[in-house]
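For reference, the chains in residue letters:
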Amino acid sequence: MSDKGTILKIKDISKEYPSVKANDSVSLDLEYGKIQALLGENGAGKSTLVKIIYGLVKPDSGRMYLNDMEYRPKGPQDARSKGVGMVFQHFSLFDALSVFENIALGLDNILEKKELKKQIIDVSSEYGLSISLDKIVGNLSAGERQRIEIIRCLLLNPKIMIMDEPTSVLTPGEVSDLFLVLQKLSKSGMSILYISHKLEEIRTICTKATIMRRGRVVKNCDPQKISATKIAEEMVGTSFSSPKKSKIRKGKECLQINNLSFQPSDPFGIPIKNLNLKLHHGEIIGIGGVAGNGQEEFLSLLSGELKPSNGSLFFNDEDITKYNVVERRNKGLLSAPEERLGHAAVPAMSLTENCLITAEHRMKLSKRGLIDYRISKNLSDRIIKKLDVRTGGSDALARSLSGGNLQKFVIGRELIQNPKIFIVNQPTWGVDAAAASSIRQQILDLAKEGAGIIVISQDLDELLEISDVFCALVGGQLSSPEMTNELNPSRLGMLISNSIE
Amino acid sequence: MLKIEPRKNRSNFLEVSAPVIAVILTMIFGGFLFLSMGKNPFEAIKLIFWDPIMSPTFSEYSRPQLVIKAAPLILIALGLSFGFRANIWNIGAEGQYIMGALFSGSIGLALYPLDAWFIFPLMILGGIIGGIFWAMIPAILKIKFNTNEILVSLMLVYVAEQILALASVGFLRNPEGLGFPGSRDLSKYPSASNPELIANSGIHVGVICSFIAVVFLTYFLTYHRLGFQIKLIGQAPKAAKFSGVNVNYIIIFCLGLSGGLAGIAGMFELTGPAGLINIDFNVGYGFTAIIVAFLGRLHPIGILFAGLLMSLTYVGGELAQFMLSIPAAAIQVFQGMLLFFLLSTDLLVSYKVSFNLGTNNSNPKSKSE
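For the protein sequence lines, the chains are B and P, in the order given.
Per this note's numbering, the first sequence starts with residue 7, numbered consecutively.
Per this note's numbering, the second sequence starts with residue 464, numbered consecutively.
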């Protein structure tokens with residue numbers, strides 16, 4: 007099926023939720039054999055649209071046509087049987103089972119084992135998706151896991167494949183492997199709807215992009231012909247400035263990490279091995295690496311949530327190894343963990359109450375153990391204003407905020423306390439472009455004021471943009487620091503993928 | 464297919480009215496239960512819920528009983544609710560209640576027949592210490608060896624019962640009691656007795672204490688740092704750790720608070736309504752208080768009403784047994800229904816049940832949404 011034309015035609019799809027119009031008469035044409043991007047900020051309506059196509063959500067109005075036939079999926083299974091497959095951002099795989107078992111479990115039809123094996127090998131060799139069937143999924147990298155999901159999807163012979171943020175968990179090397187696969191697929195006639203935040207990526211592989219904003223399609227364009235800034239502006243609706251990095255003015259050393267080690271008690275934890283690092287006032291150190299390489303443990307060791315099994319920590323020449331979370335915070339060492347709901351914030355508590363989690367002592371929200379909710383609310387109001395958090399107000403529950411807005415709040419909660427050292431994990435994870443750029447700017451401003459900052463992130467572009475020094479955290483080990491402006495992509499890829507000398 | 468999913472918008476009205484709906488449902492289904500036993504359901508429900516308070520014939524006896532039974536339930540449930548909020552499950556309040564009574568009783572009996580003002584306050588202190596002492600055993604074992612406080616506190620109930628029996632026939636036995644088990648009657652020992660403050664009201668110092676505890680703990684839960692930290696641990700343990708909450712301290716605090724309040728309840732019961740230490744001193748307040756704590760949604764004000772309601776079903780239940788010869792077991796089923804309906808209406812406040820007919824959505828891929 008290589009004939010040009012439209013395979014999926016979406017006409018005037020609307021879907022309204024109680025508080026928001028997620029899709030407002032959206033129309034979109036997906037062409038044969040093309041990799042087409044679907045772009046937009048968080049809450050622009052991309053996910054809703056994709057869920058409608060995959061049969062997970064029923065639209066209020068509008069029609070869809072698949073190969074000129076009316077297409078109205080009753081559910082995901084129905085969508086799959088009509089040739090629409092989807093690869094989700096979060097994998098649904100069983101860690102304890104083998105690759106083959108995982109694939110077999112995910113299929114709608116039960117096949118003979120031999121027959122299935124043959125089919126899997128055919129598909130994987132055809133598109134260069136190398137994978138060994140007998141491996142246990144728990145031991146595989148994110149890229150390999152994604153290949154399983156893709157194979158699972160391909161076994162159903164889909165005509166359309168939807169990919170939701172496929173590169174968010176991959177190393178640069180894995181990303182280029184994925185792109186090769188996608189290009190092969192599109193050459194063989196498959197249409198791919200590709201959702202991503204990363205504009206450069208889209209410019210690399212997509213030939214058509216549909217940009218959504220506030221539930222509407224605002225532009226269709228060829229991303230290879232216009233600049234990334236232009237696309238970003240369309241997504242946001244206004245032009246925004248990318249963060250300005252000031253000249254590096256390294257001050258005195260403010261944090262010294264010596265031989266920090268950690269042996270987790272649970273078998274799935276990541277051990278941290280002999281970590282050494284020096285952070286200076288006004289410096290931003292970027293810690294890159296794929297998730298699950300000890301990032302969470304690293305942050306917890308610095309914040310004081312975890313006790314190291316070995317090594318020491320010095321804050322301005324003061325040994326703080328034995329200090330607990332509150333004592334470290336009182337010194338001026340603040341942190342923001344990756345997981346927003348349940349770690350940085352409590353879902354069922356108001357923003358006012360959430361302020362108390364980290365700001366109680368530094369911002370004097372309590373007197374002799376009694377909480378003053380007025381001061382706390384006041385602080386929350388200030389955070390909301392400072393970071394432009396979109397919410398109903400300080401009384402809103404944390405879980406009622408969108409991911410990006412809650413992220414702005416939990417970062418703002420630390421920034422407003424004037425940290426001397428700030429450690430943050432994934433500051434802009436799942437945050438839209440405008441909010442991400444404002445968070446990055448805030449981090450840069452904080453560094454300019456003289457704070458030492460460690461940013462842990464899986465977004466390499468982000469680290470390259472804001473950090474002065476770069477280290478990779480792989481398997482609980484830290485590579486030796488390198489100046490960010492001297493790095494090139496291949497060196498980066500090497501650091502991230504594992505080669506630590 | 465039956466699916467239970469969280470409600471996006473929780474309604475305040477539902478939240479407040481859920482206990483009321485639960486009580487009404489209990490009345491309806493309890494009515495059918497009584498009907499199936501050949502009793503007049505309206506008569507039975509009226510006897511349980513109305514007559515103890517309003518009937519001219521019974522209320523003179525029942526009304527004081529209502530507060531006498533509610534006070535220990537409220538005191539114990541208040542303490543338990545703090546731990547339950549922080550996922551610290553003290554199931555052994557019954558044992559702490561016994562130990563509170565034994566400690567305070569030992570003090571009173573040791574000083575008999577001295578007449579002094581300080582004896583009663585000293586016994587209150589003894590009750591608190593006895594309860595806390597018994598609760599610290601599971602607390603310290605949990606902190607040091609990560610033992611399960613549910614099992615340890617529950618087992619200690621049976622140990623406490625054995626000590627109670629030993630005391631009744633042994634070291635606390637009334638020397639003038641002709642060899643029968645049981646201690647001297649403390650309610651007849653003026654310096655150690657906990658008499659009714661207003662005649663025929665049932666109100667004794669313990670009742671006043673339980674009301675004060677409700678007010679104080681409401682304030683404490685809302686405004687004190689520890690109250691906040693307890694909520695934090697219960698709702699998001701990781702966030703509590705991130706905040707710097709000392710979990711061990713909270714374990715000690717919650718078990719200490721519930722032990723102390725159970726001990727004090729035991730002391731008031733011993734010196735007032737019960738009068739003496741005997742083998743059958745404990746009647747299950749410590750276990751029923753668990754129900755009261757949940758019935759009151761772990762909130763002090765809710766527990767106040769739940770304690771009164773639970774007490775009403777006891778007093779009214781006795782009345783129904785007596786008047787209609789409904790067996791005690793049926794009354795217990797009735798109380799069980801109340802808890803069942805409360806828990807299920809509670810679930811429906813935060814979750815909705817939807818029926819999904821036709822297509823099967825049980826494939827693994829739809830899970831990830």
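Note that these hints are calculated values from the structure, not bench results.
There's no promise every hint is true.
[Stated by the list, open to error] Computed Cβ-Cβ distance ranges for the label pairs, DEER-style:
{"no.": "1", "chain 1": "B", "residue 1": "354", "chain 2": "P", "residue 2": "503", "range": "44 to 50 Å"}
{"no.": "2", "chain 1": "P", "residue 1": "503", "chain 2": "B", "residue 2": "409", "range": "44 to 50 Å"}
{"no.": "3", "chain 1": "B", "residue 1": "376", "chain 2": "P", "residue 2": "813", "range": "26 to 32 Å"}
[Stated by the list, open to error] Distance condition first, Cα-Cα at most 25 Å in a straight line; then the derived DSS-like pairs of lysine-lysine:
{"no.": "4", "chain 1": "P", "residue 1": "607", "chain 2": "B", "residue 2": "313"}
{"no.": "5", "chain 1": "B", "residue 1": "328", "chain 2": "P", "residue 2": "701"}
{"no.": "6", "chain 1": "B", "residue 1": "279", "chain 2": "P", "residue 2": "651"}
{"no.": "7", "chain 1": "B", "residue 1": "214", "chain 2": "B", "residue 2": "204"}
None of these values were measured; they are calculated from a predicted model.
Glycine is no exception: its CB is placed at the ideal position from the N, C-alpha and C atoms.
Verification of the hints:
no., hint, result
1, B:354 - P:503: 44 to 50 Å, "holds (45 Å)"
2, P:503 - B:409: 44 to 50 Å, "violated (59 Å)"
3, B:376 - P:813: 26 to 32 Å, "holds (30 Å)"
4, P:607 - B:313, "holds (17 Å)"
5, B:328 - P:701, "holds (20 Å)"
6, B:279 - P:651, "violated (71 Å)"
7, B:214 - B:204, "holds (15 Å)"
Hints 2, 6 from the list above are not met by this structure, while the remaining hints are.
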